[in-house]
Amino acid sequence: MKTLNNKKKYIHLLPVLVIMLFSSCIYEIDYDGDLPEDRFVVTALLEEGSPMSFTVFHSAVPGLYYDYEDDWDDDDGDSGPHWYNLNEYNSFADSSYISVFVNGELKEAAMQTDKAPVKFDYIPKHGDDMLVRIENTKYKTVEQRLKFDMTPLQIDSFNISYQIVSSDNCFVVYLEINDDGGNNYYMLDADFISPSSLMNPKILYESHPEVYFSNNNGMMYSVDDEDKINRFCVFTNEKFKGRKYTLKLAFKQDYYYNPDNSAEEHVFEVRKIDANAYNYLYSLGNYMDAWGMSMNPVTIQDAFTDAYGFISIKKSYKKAVDLSALISGNPFVLH
Amino acid sequence: MYNKILLLLLVVLFFADAFGQKYVVNGYIYDGQTNETLIGATVYEPSSKSGTTTNAYGFYSFKTSFAEALLEISFVGYEKQVLQLTLTKDTLLNIYLNPSTTLDEVVIRDNSEQQRFLKDEIPGKIEINPQIVAKMPTLTGESDLLKALQMLPGVKSGTEGTVGLYVRGGNSDQNLYLIDGIEVYNPNHLMGFISAFNTDAIKNIDFYKGGFPAQFGGRVSSVMDIRNKDGNNEKIKGDFSIGLISAKMNLEGPIKTDKTTFSLSFRRTYLDLLLKPIIWYATRDDDDKYSFAYHFYDINAKIKHRFNPENSLTLSVYSGRDKYSFSDKYDYEDYENSQADVFWGNTIVTLDWSHKYSAQLFGNLSLSYNRYRSSMGSEFDFTGYEQEKIKYHTEYTFLSAVEDIILKDNFNYYLNAYNSFNFGVNYTHHHYTPEITNIYSTENGAYATDPYKVSNNKDADEFIVYAEDVITFNEQTSLRAGVHADYYNVESVSYFSLQPRLSFRYSVSDNLSLKAGYAVMRQNIHLLSNGLFSLPTDLWVPVTELIKPITSNQVSAGVFWQIKEGINAGMEAYYKKLDKVIDYKDGVSSFNNSENWEQKVAQGSGKAYGAELSIQKNTGRLTGWIAYTLSWSKRVYPGGEINNGKEFYDRFDVRHQFNAVASVRLSEKWDVTASFVINSGARTNVPIASYYNPMGYNASYGYFSSSELINIYGERNNFRMPSYHRLDLGFNRTSKKKNRVSIWSFNVYNAYNHKNAFFVFLSDKPNTLRAFSIMPVIPTVSYTRKFI
Numbered sequence: 002m003k004t005l006n007n008k009k010k011y012i013h014l015l016p017v018l019v020i021m022l023f024s025s026c027i028y029e030i031d032y033d034g035d036l037p038e039d040r041f042v043v044t045a046l047l048e049e050g051s052p053m054s055f056t057v058f059h060s061a062v063p064g065l066y067y068d069y070e071d072d073w074d075d076d077d078g079d080s081g082p083h084w085y086n087l088n089e090y091n092s093f094a095d096s097s098y099i100s101v102f103v104n105g106e107l108k109e110a111a112m113q114t115d116k117a118p119v120k121f122d123y124i125p126k127h128g129d130d131m132l133v134r135i136e137n138t139k140y141k142t143v144e145q146r147l148k149f150d151m152t153p154l155q156i157d158s159f160n161i162s163y164q165i166v167s168s169d170n171c172f173v174v175y176l177e178i179n180d181d182g183g184n185n186y187y188m189l190d191a192d193f194i195s196p197s198s199l200m201n202p203k204i205l206y207e208s209h210p211e212v213y214f215s216n217n218n219g220m221m222y223s224v225d226d227e228d229k230i231n232r233f234c235v236f237t238n239e240k241f242k243g244r245k246y247t248l249k250l251a252f253k254q255d256y257y258y259n260p261d262n263s264a265e266e267h268v269f270e271v272r273k274i275d276a277n278a279y280n281y282l283y284s285l286g287n288y289m290d291a292w293g294m295s296m297n298p299v300t301i302q303d304a305f306t307d308a309y310g311f312i313s314i315k316k317s318y319k320k321a322v323d324l325s326a327l328i329s330g331n332p333f334v335l336h
Numbered sequence: 002m003y004n005k006i007l008l009l010l011l012v013v014l015f016f017a018d019a020f021g022q023k024y025v026v027n028g029y030i031y032d033g034q035t036n037e038t039l040i041g042a043t044v045y046e047p048s049s050k051s052g053t054t055t056n057a058y059g060f061y062s063f064k065t066s067f068a069e070a071l072l073e074i075s076f077v078g079y080e081k082q083v084l085q086l087t088l089t090k091d092t093l094l095n096i097y098l099n100p101s102t103t104l105d106e107v108v109i110r111d112n113s114e115q116q117r118f119l120k121d122e123i124p125g126k127i128e129i130n131p132q133i134v135a136k137m138p139t140l141t142g143e144s145d146l147l148k149a150l151q152m153l154p155g156v157k158s159g160t161e162g163t164v165g166l167y168v169r170g171g172n173s174d175q176n177l178y179l180i181d182g183i184e185v186y187n188p189n190h191l192m193g194f195i196s197a198f199n200t201d202a203i204k205n206i207d208f209y210k211g212g213f214p215a216q217f218g219g220r221v222s223s224v225m226d227i228r229n230k231d232g233n234n235e236k237i238k239g240d241f242s243i244g245l246i247s248a249k250m251n252l253e254g255p256i257k258t259d260k261t262t263f264s265l266s267f268r269r270t271y272l273d274l275l276l277k278p279i280i281w282y283a284t285r286d287d288d289d290k291y292s293f294a295y296h297f298y299d300i301n302a303k304i305k306h307r308f309n310p311e312n313s314l315t316l317s318v319y320s321g322r323d324k325y326s327f328s329d330k331y332d333y334e335d336y337e338n339s340q341a342d343v344f345w346g347n348t349i350v351t352l353d354w355s356h357k358y359s360a361q362l363f364g365n366l367s368l369s370y371n372r373y374r375s376s377m378g379s380e381f382d383f384t385g386y387e388q389e390k391i392k393y394h395t396e397y398t399f400l401s402a403v404e405d406i407i408l409k410d411n412f413n414y415y416l417n418a419y420n421s422f423n424f425g426v427n428y429t430h431h432h433y434t435p436e437i438t439n440i441y442s443t444e445n446g447a448y449a450t451d452p453y454k455v456s457n458n459k460d461a462d463e464f465i466v467y468a469e470d471v472i473t474f475n476e477q478t479s480l481r482a483g484v485h486a487d488y489y490n491v492e493s494v495s496y497f498s499l500q501p502r503l504s505f506r507y508s509v510s511d512n513l514s515l516k517a518g519y520a521v522m523r524q525n526i527h528l529l530s531n532g533l534f535s536l537p538t539d540l541w542v543p544v545t546e547l548i549k550p551i552t553s554n555q556v557s558a559g560v561f562w563q564i565k566e567g568i569n570a571g572m573e574a575y576y577k578k579l580d581k582v583i584d585y586k587d588g589v590s591s592f593n594n595s596e597n598w599e600q601k602v603a604q605g606s607g608k609a610y611g612a613e614l615s616i617q618k619n620t621g622r623l624t625g626w627i628a629y630t631l632s633w634s635k636r637v638y639p640g641g642e643i644n645n646g647k648e649f650y651d652r653f654d655v656r657h658q659f660n661a662v663a664s665v666r667l668s669e670k671w672d673v674t675a676s677f678v679i680n681s682g683a684r685t686n687v688p689i690a691s692y693y694n695p696m697g698y699n700a701s702y703g704y705f706s707s708s709e710l711i712n713i714y715g716e717r718n719n720f721r722m723p724s725y726h727r728l729d730l731g732f733n734r735t736s737k738k739k740n741r742v743s744i745w746s747f748n749v750y751n752a753y754n755h756k757n758a759f760f761v762f763l764s765d766k767p768n769t770l771r772a773f774s775i776m777p778v779i780p781t782v783s784y785t786r787k788f789i
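Those protein sequence lines, which keep their order, are chains A and B.
Per my numbering, the first sequence starts with residue 2, numbered consecutively.
Per my numbering, the second sequence starts with residue 2, numbered consecutively.
Source of the hints: derived by calculation from the structure; they are not laboratory data.
C-beta atoms are modelled at their ideal positions from N, C-alpha and C, and glycine is treated no differently.
Careful, some of the hints might be misleading.
Some but not every residue of chain A turned toward chain B, in silico, with C-beta under 7 Å [as the list claims (entries may be wrong)]:
| no. | residue |
| --- | --- |
| 1 | Cys26 |
| 2 | Pro37 |
| 3 | Ile156 |
| 4 | Asn160 |
| 5 | Tyr163 |
| 6 | Ile165 |
| 7 | Gln302 |
| 8 | Ala304 |
Derived lysine-lysine pairs resembling DSS-like cross-links, with alpha carbons at most 27 Å apart [unchecked claim]:
| no. | chain 1 | residue 1 | chain 2 | residue 2 |
| --- | --- | --- | --- | --- |
| 9 | B | Lys670 | A | Lys240 |
| 10 | B | Lys670 | B | Lys787 |
| 11 | B | Lys647 | A | Lys141 |
| 12 | B | Lys766 | A | Lys141 |
| 13 | A | Lys240 | B | Lys787 |
| 14 | A | Lys203 | B | Lys454 |
| 15 | A | Lys249 | A | Lys320 |
| 16 | B | Lys766 | A | Lys139 |
| 17 | A | Lys240 | B | Lys549 |
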C-alpha cells in the first residue's frame, strides 16, 4: 500500500522528466579538489577476557568500480586494470601493522596479510589502559585508546522460546536490563537469526515505548511497527536511565538462513557498548535505511579523525541456545 | 521603560505638529490618460524641502505652512507638474499627470525616483518598473516578474529555470507575495518555471528584502507588494499576445465614466492543444493509446466603483490553476486503463472599501477569501481476458489546501509634512488541510488490501496589530519606527511576538544618503517541499507545539549615491539571523507526505551576511543596472539530526553573484534588452570517499556477507557546483499605427548555450563527476497587439 502511495504521488513528476529529456545533456567535470586521501576503515568491538581480532580495510576516492564496456580483449592497448579503485577484493588494507600497547607497554604486534583477520594472543583484562595503533605507509596512522573499565551489564531476566507469532515461527526473546544510570548503549546479536530478521523484530512488549526503534527516523519504514527496523539492534538508555527496561521481541525464523550447523550451540548476545560504537552503528544504520527521492545523505559518525569506523569496548551477556532442542518441539501459539 | 518611550513619542509628535503648518492639501494623483491612480507619486514642496508620496490607493495628504504654496508633482514616466496654490483652507486637489510623450516609456526625466531612492528611509526596498520587467528576456518568452527579481542584488535563483527566490540567505518559502495586499501561497506555474503573476495586470511592484515596514509580516526574508491595475477610466482598451507556449489578453475600461472601471487579464498556455494531435499521430496504430496534457491559466479581474471623492469600493479576483492529466489505455489481450489528473492553484477574492475619513486620515477595510489547493486523482483498471477474468481496480485521491478568511483595516494618518502614521488591525482565520489521501484497491469488487487513509485538518486564528510612525526631523534626517504584533493560535498552541521595525535615513548631501534598518519578522507556517521544483505535493503546514515559528532578525545599512542625474549607486551590507528554521533530517526523503512530518524535520538556526553593490542607469537610450553580491549563508541544527549538529553552508550559499541588465532603444521600432548573470555554483552533496561496509564482512568465513558500498559525504552541501553563467537576449520590434500597436518579441535564453550544471553525480571515472544540464539555448517568439 505504501509503495502504491508513493508511485501514484510521483506521477506529477512526469512533465518535469519530459522537459528534462527534451533538453538535457551530460558533461564531465573534474572532481579532484578537496578529496581526502584514502584512509583506514576498521570496526572492532573488544572485550576483557576475550581474544582480540582486527580486520582492516581502506577507503578510496569515489567512483564506479568496474568498466563493463571495456573488453579485456579489445585493441585499445589497455590490458587492465578494468576494476577501478575499490571492490570487495581489494578493499583490504593488507600490510597494515597493528600494535597493541597496554599501560604504555607494547604487548603484541602483527601484520595483516592475505585479507585474513589479525588475531592476538593477548587477552585484555579489567582495568587495562590499551592503545591500539594501525600503521601503513599508504594511509594515515590511526590510534585508539581504550580503557577496559566498563561497568558490568546487569541482566535480571533472559529467556528465549520458540513460538508462533502472527502466523510466523519466531524466536521470542524476553529480556530485562537493569540499567546502572550511566550514559549506556546496548546492542543485541544472535548467530542463529538471519540479519534481515534481526533488524526487523516485532515488539511484543516494551516497558519504555519507542526505545528500541528510536533510531527509526520515520523514513521508509514509518507506517507501523511491522515495518520499523533497527539494523544493528542498538539502542540507548535515554528513556530508562537508572531503571529497569523490559523488552520482548519476536524474531522471525528464516528458513533460508543456514547458520553454522556444525555448532551444537548458538549464542544470543546482549552487549553493552560505548558511545563511539553506538554513534557509528546508529548513523550507519540510518545511512543504509535512508530511502527516497531528493534526500539529503546521512553523515556517518566515525570515532576517528583520519579514519572511518571505530575501535571500542563492550561487555557481553551471552545466552547459549541449543537450536535443535529449541525448535524440535512444536512451537506454541502466542496469544 | 515603556512609559518613557511613550512620553518621548508624544513630545516628538507635539513638536512635530507645532511647526506652524496650517493648510492640508490632499487628494489623489491619477494618470492623465487613463485616470488610473498612481502609487508612489511624489508631492514635493521646494521651499520647505519636504514632501510626501501617494499610498497604495493613489492618495496623498500634505500639510503646508504657506498660504502661497508651490508644489512639484512627479512620477516616473510622467511629465512633472508644478502647481502654484493660494490656500485659505484645507484643499482637496486631485492631480492628473500626463505620461511623457516625447520619451521612451522607460526613460525618466522627473526626479521622483531619485527622490525616493535618496529620501526613502527603508534600505532594502526596491521599486520595480513593470514595463522594464515586460521587456526582459525570459526562458519561455513570457515576461516574468520573479525572474526579473532574480537579477537584483541579494536575490538568488534556485533550480535552473525556475522562479524560486532565495533572498539574503533565506529559503524560497520565506517570501511574502501579495496581490493587492493578500498573500499568494503558490507563486508558480509549470512546476515553478513560470511565475503566477501576469505582468500585464500589474500597476506597481515594491520589493523589500530588509527594513520591512510594520504592516508586513508572516514571512521572514522578503516581501513583494504587487498592486494590480484598477482599469482605464477614459475608454475601453485592450491587447492580446501570442507566445510560444501561451496566449494572453487584457481588457480594461470604464463601465460608467468617472464612477466604475474594470480591468481583466487572462492568460492560458496551449501546450495541451499542441500536443494532442502529435500524440494522436504517434499512437494511431498502437494498441496502447496514451495521452498527456498540461495547461495553466490565470485571471486577474477587478471592478472599482468610486461613490464620491471619499469612498470607493473594489472587488478584485485572482485565480490561477495548473492542470496536468495523463491517460493510458491498452486493449488487446488484456484490458488496462489508467487515468490521472492533477490540479493546483490559488484563488483570491477581495472586497476593499477605501475611505477618506478626513483630509489627513485615509483608511481601507477589506474582506478577503484566499485559497490554495492542490489535488490529485488517479484510477487504474485491469481486466485479464486470457486467464481467469480478474477485474482489478485501484483509486488514489489526494488533497492539500489552505483557506483563509481575512479581515483588514488599515489607516494612514498624515499629521503634517514631517510626520505620518500607518496603523491597522488584521484578523485571519486559517483552515489548513495539509493532506487528505485515500487509496484503495479492489479485486473482482472486493477490497484487495485495506484502504489507506490519511486525513488531517487544522484551524488557526491570527491577530495582527501594527503601528508605524514616519518622522522627518529635518531635510537630512528621517526615521520610520514601528512595531508589528502577531498572535497566532493553532489548536491548543499559541504564539505571540512583538516585532520591532526601524529604518533611519541621514542625507549627507543632496545626492548622498546613509540608511540603516532593523527588522524582526516571524513566520507561522512552513512549506514541506522537495526544494527542487514547485510541485502539487508541496504542503503548507502550520506551526505546532513541537515545531516553532521561524524568526528573523536582520540589520542592514547602506550608502545611496546619486552619481549624476539618472544614475544611482547603492551599497548595502546586511546581517540576518534566522531562528527555528526547518529542514529535512539527514536521510529523510523530501518527496513525502505530511504524515509524521514533525518527526522528519529538524529545527535549527541560520545566519546570512553579505554586501550588495548596484549601479542603475534610468535615463537615456541605454537603461539598466549592474549588481554584485558577496554573501555567506550558514545553518546549524544543534540537535544533531543534520550534519551531526555541526554548522554547514546552506545549499544556496552563493559567494559571488554578478548581474547586468541593459536595455537599449535602437530606433523608433527596435529595442534590445540583454541580461547576464554569473555566480558561484550552488552547493550539493557529493561523496568524497567510499568504502565497503566493514560490518558486512564475516571474518569467520573470510567474505562479505553483504557487500555494500558506503559513500562518505563529509558534511552536508559539501560540494560547490561549477560557476553558473548565462546571457539572455530580447529583441522587440514595435510598430504603431492609428489605433493599434504591434510588438514582435524575439527572445533567446542562454544565448551562447552554456551548459550549466543542474545537478551532478558520480562518474565512472575516478576524480570525475558528471554534470547534468537541462537548459540549452532556447529561442522563443511572441506577438502582441494593443488597441489604444
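Now for the hints, and whether the structure bears them out:
no., hint, result
1, Cys26, "holds, 5 Å"
2, Pro37, "holds, 6 Å"
3, Ile156, "violated, 24 Å"
4, Asn160, "violated, 27 Å"
5, Tyr163, "violated, 24 Å"
6, Ile165, "violated, 23 Å"
7, Gln302, "holds, 6 Å"
8, Ala304, "violated, 13 Å"
9, B:Lys670 to A:Lys240, "violated, 76 Å"
10, B:Lys670 to B:Lys787, "holds, 15 Å"
11, B:Lys647 to A:Lys141, "holds, 24 Å"
12, B:Lys766 to A:Lys141, "holds, 25 Å"
13, A:Lys240 to B:Lys787, "violated, 71 Å"
14, A:Lys203 to B:Lys454, "holds, 24 Å"
15, A:Lys249 to A:Lys320, "holds, 15 Å"
16, B:Lys766 to A:Lys139, "holds, 21 Å"
17, A:Lys240 to B:Lys549, "holds, 24 Å"
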